[in-house]
Amino acid sequence: MAELSGPRPPQVPRVLRVLPVIAVAVGVVGLFDHAVGAVAALVAIGAVAATTLLRLALEVRGWRWPADTRFLLATIGLVLIIVAGALLGLRS
Amino acid sequence: MEQLVVAAIATLGAMAGVAGGVGGAVLVVPLLLLTGADAPVAATVGLLTVATATAAAAPRQLTQRLANHRLAVTVELGASAGVVVGASLLTALPEAWFRGILAAAILAAVAAGLLGRPAQGLEAVTLPSAAVEETPGALAGAYALGGGAVPYRAERIPLGMVLAVGVGLVSGVTGTSGGYLKTPLLREVMTVPIKVAAATTTFASGLTAIAGLAVLLPAGAVGPQVAAAAVVGASLGGIAGAALQARLPPRAARQVLAVLLVVIAGVLLWPN
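Line by line, the protein sequences give chains A and B.
Residue 1 is where the first sequence starts when you use my numbering, and the numbers rise one by one after that.
Residue 1 is where the second sequence starts when you use my numbering, and the numbers rise one by one after that.
Derived from the structure by calculation, the hints contain no laboratory data.
A few of these clues could be false.
Beta-carbon label-pair distances, calculated as ranges [to be verified]:
1. B:96 - A:66: 17 to 23 Å
2. A:72 - B:64: 20 to 26 Å
3. B:249 - A:57: 36 to 42 Å
4. B:100 - A:13: 40 to 46 Å
5. A:57 - B:128: 27 to 33 Å
6. A:64 - B:262: 46 to 52 Å
7. B:128 - A:62: 17 to 23 Å
8. A:32 - B:267: 29 to 35 Å
9. B:158 - A:91: 28 to 34 Å
10. B:133 - A:17: 34 to 40 Å
Just so you have them, the derived chain A footprint on chain B, three or more residues with Cβ under 8 Å [said to hold, decoys possible]:
11. 9 to 18
12. 47 to 55
13. 156 to 167
14. 189 to 202
Partial list, computed: chain B residues near chain A (C-beta under 7 Å) [said to hold, decoys possible]:
15. 2
16. 3
17. 35
18. 59
19. 73
20. 135
21. 136
22. 219
23. 239
24. 243
25. 245
26. 251
27. 252
28. 255
29. 267
Each residue gets a CB set at the ideal place from its N, CA and C atoms; glycine is no exception.
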């Protein structure tokens, strides 16, 4: 029976479902409550960025070694480019 | 007040963009520009729209298993370098240049949307459904179709990575995802099936947006509350757009959006 119904879809980590919801909820607070606006906005942006970066980290954790070493190096290169971009932004 | 305008435009842009299948930023950036925002503000809000859309799509994408994450990081190595350079150039770019490049990007999005190949019917199922996965150590894999799986393998990888730098550059300068160029790049140059190319592009565009935002947000291109407004608007617009997309005839929705985008490109190019 299991073979007829095919493989089950993979389970999505709950954190990847929750973070976008947090981003919207905190973003709405930041939009209307000026007292906590800046902090709330930073949390909202952080939650959005963290969802994609966490998704990548979870994928990398499932890669196989040493076959996937070059893709790990590409991922490290990508992170370094993002950090370099942030340093450029801070200096401008 | 400014944040409410941004929230409204992000909602409308994301809704129409998602419903029409081109993503939100390609509408949000020109609409902001036409309502008086300057280029760095419009581009930053555009990239926030892209990052939000990618985050919201993550659960659905992981269930579908269409995106190839190894391929995404490989292409992003070039695209992220391009977007960092593009975003750094943004403040120094004359407004007329920004409008011209944005109009060209919009027309490219229209062309990609109207001329893109159909998503089904080109590949043959040759493997059992249990074979659906990314291949370890390679830019290859198999995706689900019908009751089976279709194998694929990316080709011309160095050329793809070099061209991705240009895609990232356009993305950084315009604040759009560049998906309208990235999907054709994966499909036509790297011979990845369209369904895998589109899903991989959605994930990769989120990484592109994060790299661009890493430059623009610390530089103070927008205030935190405007950024929050973009996140909220893009989220709500994305949800509404996905619901709308399910009800509208896809071809008609694309054609209406294409006409709207061509008009916007024309307005951008119209001398002030």
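The hints, checked one at a time:
1. B:96 - A:66: 17 to 23 Å: 51 Å, violated
2. A:72 - B:64: 20 to 26 Å: 24 Å, holds
3. B:249 - A:57: 36 to 42 Å: Cβ of residue 249 of chain B to Cβ of residue 57 of chain A: about 40 Å, so the range 36 to 42 Å holds.
4. B:100 - A:13: 40 to 46 Å: Between residue 100 of chain B and residue 13 of chain A, where Cβ atoms are some 43 Å apart, the hint holds.
5. A:57 - B:128: 27 to 33 Å: 30 Å, holds
6. A:64 - B:262: 46 to 52 Å: 47 Å, holds
7. B:128 - A:62: 17 to 23 Å: 21 Å, holds
8. A:32 - B:267: 29 to 35 Å: Holds: the Cβ-Cβ distance is about 32 Å, inside 29 to 35 Å.
9. B:158 - A:91: 28 to 34 Å: Holds, since residue 158 of chain B and residue 91 of chain A (Cβ atoms, about 32 Å apart) stay within the stated range.
10. B:133 - A:17: 34 to 40 Å: 22 Å, violated
11. 9 to 18: As far as the segment 9 to 18 of chain B goes, the hint is violated, because 0 residues have Cβ atoms under 8 Å from chain A.
12. 47 to 55: holds (count 5)
13. 156 to 167: Three-residue rule not met by the segment 156 to 167 of chain B, so violated; n is 0.
14. 189 to 202: violated (count 0)
15. 2: Violated, about 11 Å.
16. 3: 6 Å, holds
17. 35: 18 Å, violated
18. 59: Where the cut-off is 7 Å and the nearest Cβ of chain A is about 5 Å from residue 59 of chain B, the hint holds.
19. 73: 5 Å, holds
20. 135: 9 Å, violated
21. 136: Holds, because the Cβ-Cβ distance from residue 136 of chain B to chain A comes to roughly 4 Å (cut-off 7 Å).
22. 219: Interface hint status for residue 219 of chain B: holds (4 Å vs cutoff 7 Å).
23. 239: 9 Å, violated
24. 243: 16 Å, violated
25. 245: Violated, about 18 Å.
26. 251: Since the shortest Cβ distance to chain A is 29 Å, the answer is violated.
27. 252: 29 Å, violated
28. 255: With Cβ-Cβ at 30 Å, over 7 Å, it is violated.
29. 267: Since chain A brings no Cβ nearer than about 29 Å to residue 267 of chain B, farther than 7 Å, the hint is violated.
Hints 1, 10, 11, 13, 14, 15, 17, 20, 23, 24, 25, 26, 27, 28 and 29 from the list above are not met by this structure, while the remaining hints are.
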